[in-house]
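Colleague: Produce the complete structure using the sequences and hints provided.
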Amino acid sequence: DIQLTQSPSSLSASVGDTVTITCRASQDIRNSLAWLQQRSGKAPKSLVYAAHSLQSGVPSRFSGSGSGTDFRLTISSLQPEDSATYYCQQYYTYPYSFGQGTKLEIK
Amino acid sequence: DERLLESGGGLVQPGGSLRLSCAASGFLFKYYAMTWVRQVPGTGLEWVSTITSDSRTTYYAEAVRGRFAISRDNSKNTVYLQMNSLRAEDTALYYCAKDYHDSTGLEPWGQGTLVTVSS
Chain S
5 DIQLTQSPSS LSASVGDTVT ITCRASQDIR NSLAWLQQRS GKAPKSLVYA
55 AHSLQSGVPS RFSGSGSGTD FRLTISSLQP EDSATYYCQQ YYTYPYSFGQ
105 GTKLEIK
Chain W
388 DERLLESGGG LVQPGGSLRL SCAASGFLFK YYAMTWVRQV PGTGLEWVST
438 ITSDSRTTYY AEAVRGRFAI SRDNSKNTVY LQMNSLRAED TALYYCAKDY
488 HDSTGLEPWG QGTLVTVSS
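Protein chains in written order, with our numbering: chain S, 5 to 111; chain W, 388 to 506.
Hints in this document: simulated from the structure, not taken from any laboratory. If you're wondering where the values come from, they're calculated on a predicted model, not measured in any experiment. Honestly, I wouldn't trust all of these hints.
Keeping only pairs whose Cα atoms sit at most 30 Å apart, straight-line, the calculated DSBU-like set for lysine-lysine is [said to hold, decoys possible]:
| # | chain 1 | residue 1 | chain 2 | residue 2 |
| --- | --- | --- | --- | --- |
| 1 | S | K107 | S | K49 |
| 2 | W | K463 | S | K49 |
| 3 | S | K107 | S | K46 |
| 4 | W | K463 | S | K46 |
| 5 | W | K417 | S | K49 |
| 6 | W | K463 | W | K417 |
| 7 | W | K417 | S | K46 |
| 8 | S | K111 | S | K49 |
| 9 | S | K46 | S | K111 |
Derived Cβ-Cβ restraints for the label pairs, each shown as a range [stated by the list, open to error]:
| # | chain 1 | residue 1 | chain 2 | residue 2 | range |
| --- | --- | --- | --- | --- | --- |
| 10 | W | S472 | S | D5 | 19 to 25 Å |
| 11 | W | T444 | S | S18 | 29 to 35 Å |
| 12 | W | T503 | S | P12 | 16 to 22 Å |
| 13 | S | T22 | W | N461 | 41 to 47 Å |
| 14 | S | V19 | W | T503 | 36 to 42 Å |
| 15 | S | S80 | W | S458 | 40 to 46 Å |
| 16 | S | P84 | W | N471 | 25 to 31 Å |
| 17 | S | K107 | W | R406 | 16 to 22 Å |
| 18 | S | T97 | W | N471 | 22 to 28 Å |
Cβ atoms here follow ideal geometry from the backbone N, Cα and C, with glycine treated the same way.
Modeller: See the structure below:
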C-alpha cells in the first residue's frame with residue numbers, strides 16, 4: 005500500500021502570506037495526486053487534481069506542483085476563508101490513501 | 388450543479404447491519420465510478436470502497452473487506468454501501484464521492500451520513 009506523509013501537521017499564517025504544504029509518497033505515483041480542503045464541520049472539497057490542475061472554480065492563488073513522490077500545495081495571498089485542514093490523496097492505485105492532514109490557522 | 392446526498396446512517400449495535408445510500412444528481416451517473424470514504428470525527432480520511440461505472444469491479448479497504456458490499460443502481464442514480472458485522476471502529480461519518488479516476492479524481496463529495504456502532 006502507498007503511504008502519504010504530509011508536512012507540517014499544522015501551521016499558522018497571516019492574511020496575505022504564502023504557505024506551502026508538502027506530501028511525500030512512499031512510491032512513485034506519477035501525477036495521480038489530489039489536494040483536498042476540509043473546512044470545520046464540512047465535507048472535503050477537491051482543490052487540485054493530477055498534481056497541478058485546479059478544479060473548476062478554485063481560486064488561482066491555490067497551486068499544486070510535483071510528480072513522482074514529492075508534491076506541494078502552495079497557497080498565496082492567504083485569505084481568512086483558507087482556514088481549514090488540507091489533505092493530499094493518491095489515486096494511482098488501490099487502496100486509495102490520504103495524507104494525515106495539515107491544519108492551517110489564519111492569524 | 389453536481390450533487391451527492393447520503394442517507395441511511397444511524398445508531399446500530401455491534402454485529403448489526405446498515406445500508407447507506409448516496410443519491411446523485413447533476414451529472415451522468417452511469418459513466419462514473421463512485422467511492423465511499425469515512426472519517427472518524429476529529430481525525431483523518433480513510434478510503435473504504437470503490438465501484439466502477441458498470442459495477443463489474445469493486446475495491447475494498449482491508450478493514451472492511453468481507454463485511455461491507457458496495458453496489459449501484461444506474462437507473463436510480465444511486466450507490467449503496469451495505470455494512471454487515473459492524474464494529475465499534477466502524478463508527479464514522481461516511482461520505483460518497485464521484486470518482487473520475489483518470490481525470491479529476493474525487494469530486495464532488497456528499498455532506499456525509501453518520502454511523503455510530505454502540506451498545
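Colleague: It remains to establish, for every hint, whether it holds in the given structure.
Modeller: Hint by hint, here is what the structure shows:
no.	hint	in the structure
1	S:K107 - S:K49	15 Å, holds
2	W:K463 - S:K49	25 Å, holds
3	S:K107 - S:K46	14 Å, holds
4	W:K463 - S:K46	26 Å, holds
5	W:K417 - S:K49	22 Å, holds
6	W:K463 - W:K417	10 Å, holds
7	W:K417 - S:K46	27 Å, holds
8	S:K111 - S:K49	23 Å, holds
9	S:K46 - S:K111	21 Å, holds
10	W:S472 - S:D5: 19 to 25 Å	23 Å, holds
11	W:T444 - S:S18: 29 to 35 Å	47 Å, violated
12	W:T503 - S:P12: 16 to 22 Å	32 Å, violated
13	S:T22 - W:N461: 41 to 47 Å	44 Å, holds
14	S:V19 - W:T503: 36 to 42 Å	38 Å, holds
15	S:S80 - W:S458: 40 to 46 Å	43 Å, holds
16	S:P84 - W:N471: 25 to 31 Å	44 Å, violated
17	S:K107 - W:R406: 16 to 22 Å	33 Å, violated
18	S:T97 - W:N471: 22 to 28 Å	27 Å, holds
Hint check: violations occur at hints 11, 12, 16 and 17; the rest are consistent with the structure.
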